[in-house]
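Asker: Letter by letter, the chains look like this.
2 protein chains.
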Amino acid sequence: MPSSAIDYARQNQSRFLEELKALLRIPSVSTDPAHKGDVRKAAEVLAAELKRIGLENVRLIETGTPEKPGHPLVYADWLHASGKPTVLCYGHYDVQPPDPLDEWLSPPFEPTERDGNIYARGAVDDKGQMYMHVKAIESLLASNSKLPLNVRVILEGEEEVGGEGIATFVASKPPELQADFALVSDTEMFAPGLPTLCVGLRGMIYTEIEVRGAKTDLHSGMYGGAAPNPFVALAQIIARLKDEKGHILIPGLYDRIIPPSREELTAWESLPFDEEHYRQTEVGSKSLVGEEGYSVLERTWARPTLDVHGMPGGFIGAGAKTVIPAKALAKVSIRLVPDMNPTDTFALYQSFVQHLTPPGVDVDVRLIHSGEPCLIPVDNPYIQAATSALKEIWGKDTVFIRSGGSIPIVGDFARHLNLPSVMMGFGLPDDNLHAPNEKFLISNFHQGIESIVRFLETVGEPAEN
Amino acid sequence: MPSSAIDYARQNQSRFLEELKALLRIPSVSTDPAHKGDVRKAAEVLAAELKRIGLENVRLIETGTPEKPGHPLVYADWLHASGKPTVLCYGHYDVQPPDPLDEWLSPPFEPTERDGNIYARGAVDDKGQMYMHVKAIESLLASNSKLPLNVRVILEGEEEVGGEGIATFVASKPPELQADFALVSDTEMFAPGLPTLCVGLRGMIYTEIEVRGAKTDLHSGMYGGAAPNPFVALAQIIARLKDEKGHILIPGLYDRIIPPSREELTAWESLPFDEEHYRQTEVGSKSLVGEEGYSVLERTWARPTLDVHGMPGGFIGAGAKTVIPAKALAKVSIRLVPDMNPTDTFALYQSFVQHLTPPGVDVDVRLIHSGEPCLIPVDNPYIQAATSALKEIWGKDTVFIRSGGSIPIVGDFARHLNLPSVMMGFGLPDDNLHAPNEKFLISNFHQGIESIVRFLETVGEPAEN
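Residue numbers (my numbering), protein chains in the order written: chain C, 1 to 465; chain H, 1001 to 1465.
Please note that the accuracy of each hint is not assured.
Over 12 angstroms on every C-beta distance to chain C, these chain H residues come out as not near it, computed from the model [what the hints assert, rightly or not]:
id: 1; residue: Gly1284
id: 2; residue: Ile1324
id: 3; residue: His1434
Each pair of labels, with its calculated beta carbon distance range [unchecked claim]:
id: 4; chain 1: C; residue 1: Ser270; chain 2: H; residue 2: Thr1343; range: 19 to 29 angstroms
id: 5; chain 1: C; residue 1: Gly317; chain 2: H; residue 2: Lys1146; range: 41 to 51 angstroms
id: 6; chain 1: C; residue 1: Lys68; chain 2: H; residue 2: Ala1034; range: 53 to 63 angstroms
id: 7; chain 1: C; residue 1: Tyr294; chain 2: H; residue 2: His1369; range: 53 to 63 angstroms
id: 8; chain 1: H; residue 1: His1247; chain 2: C; residue 2: Glu244; range: 17 to 27 angstroms
id: 9; chain 1: C; residue 1: Lys68; chain 2: H; residue 2: Glu1113; range: 46 to 56 angstroms
id: 10; chain 1: C; residue 1: Gly317; chain 2: H; residue 2: Thr1281; range: 45 to 55 angstroms
id: 11; chain 1: C; residue 1: Pro272; chain 2: H; residue 2: Pro1100; range: 31 to 41 angstroms
id: 12; chain 1: C; residue 1: Asp344; chain 2: H; residue 2: Pro1097; range: 21 to 31 angstroms
No lab work stands behind these hints, which were simulated from the structure alone.
Computed from a prediction, not measured in an experiment: that's the story for all the values here.
Glycine included, each C-beta is placed from N, C-alpha and C at the ideal position.
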């Protein structure tokens, strides 16, 4: 099927890539207060670009409160396709911190091409994927002076820190977000060249456990044997939160889980997945871990898991300091699957951590942020249009997968706006998101733009019967 | 017993204190390269003073290597008491960093008198105590034109950074350190006015456990349930290294322990120690911890203990990062008591940590540094002379205590030079060493000088029978 928008996208590939590089140079690390200005700069650059390509009502929407201001949302629309569906294109322009810096082969905010990839923090998560939407819309507008359907764009700058601002905005059911479906490109293809739609996401609670012992840091020679050690207490708590097989020991945690259907499990078994290849190339550990009796895909897509991300406190420099720190922290998250919910899970967890607290220390358990798990129905016309468009561009049937990660906004779209999401992602399993040397395959960036062009054209076509 | 040296010391109290203040004004912070010149200045001031009071062969002895120069030792001697014993007076002129500065009531390097104390960094640890030796020797020489025994003085400027320079010097068994016993004033009195000799020190192994899982940092959503988590592995290891009662579970660890004698335990029981006061004022935790069946003094002086000082790795910033780190570390130390030794203890520990290693991760166990425990025999003439001198000056019988900390040089003196040490300290438990508002009780400074005068006179007296 010939498309002038596809031609336009192909003719402008090198400019599109240079524009993406400019965006990647802005260190919009949302968790770091020092980068607050950079986050806003990224929003302003995107707003200017959305206006330049011809979208309307472009503006920043502020989030947070006067006491605790958030990062802005970017909004734009084009609503002149009378009688056609409306898509809500979602993406995020904030990125994870780049640490550890010394493991990057090229600087995280100096986009560098190597082996057909572009390397930079945010290359795939999510600036590169979000920018595919912008460039697909530009291609459609520039080649036809109009769009095949109505478009709204909403971009957030807090996805990597919990997305509180957009969650509040979505919950208010604003007219700006009235649409028929959402397009979300923040997931990955199951394998290179294999078109993929993600139809399930895990939720999460991200927490901190703070343990306090002595009133001040003490010398471990003088006080070792009398003063409680907060790190030892944390180790004792963490070691009792799950067993050595990865089974979480929090009472009641598994009660509300709905297992995948027999059909879904069968489809997963036919996916091109080689566990040994996955272990070697993606994980690289001597063996994989996790609950017995479940495949890797089940464990990462459809089972709750518990991880520790860091344990701040005490002495972390080179060499030795013989301190018993007054306090220590553990950053702990639990991934949730349908039909667990964050509030109840946190309550079970908090109560169990308190129960596990050893003598001599006080413990606080804090919820940093959370997101609901979600499961997308696949029997709607938008999913059908997506598989059709993907077949045209990639020449293969689409596979339906879940993701172990959390995209809380997808659940919010469903719950508050009744929008089904089409999660059409073009990342690859080895893209190192949230890690050093994050990358995006440049050919996927371009084929992703073409896929979105054809997807939006297909949704906007008159029904054939 | 009248002593002209004591008279001299009493007549010169105010000058001695002013000289100490001048020494305390030199910010000889050995860990801070910016203060390297100040550390040397303190050494030069002391060398000049040792020469002025009449000691001989005064000189600085350089330490370290051309690539990594250390801080100098200060040496002096007076060896004209033919047929008399030789004392090696040890002290250190370097100090801890003064941070946190905003908690000091008066500036750390502007010595200030309040409530009978002198407040300054180094007031008690160890400039004030080390200077007592200098002023005791001055009093003896000035009042008698000779000393009652042979004296060597060795002062180091690296005690607060590991003491590598003096350790190397001692291990070379130099003629400058040939002596019959060492006098070390770097410990404290058990309670105000209670003359105290420290006769035991714990040793230590300071280690790092490094756990490696995946080859790179991974996203906990994508890989949680398949990738090993190094912090969880460390928690499992640490939780199994000792039980909740503080009993260390390393097989064989307790085999070589020589418990304190019945007499020593009885003596400890009669010390003025209020556990509840100690918990409230020194530790400040909701309760004390440690092995059942042992008193606080036994647990901190005569039992091995295991502490975790920090757990570097992963994400330690504010907020959330959903990373499964590729590796994580734990800084773990074990305090040793007689007759444990660092080499064997580390071997038992290393082997047990390897045994505890859960599936999916690799573990390295590294020894950072170590020190031998030591126990000073109390049935030697130097300890007898010390208790006799202390009784004269303080009017009370001496108590023998141990310290839970490590003073590696005492072990080095014993091992390499066959020197017993007399650890005669005049600090007090609330002197805030290594903390803001370090102080030294001025009356202890003066009575300490008198105690040392009488101690050296007593050692030099002809045997009475």
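Asker: Which hint numbers doesn't this structure obey?
Answerer: Going through the list in order, the structure violates hints 1, 2, 3, 4, 6, 7, 10, 11, 12 and respects the others.
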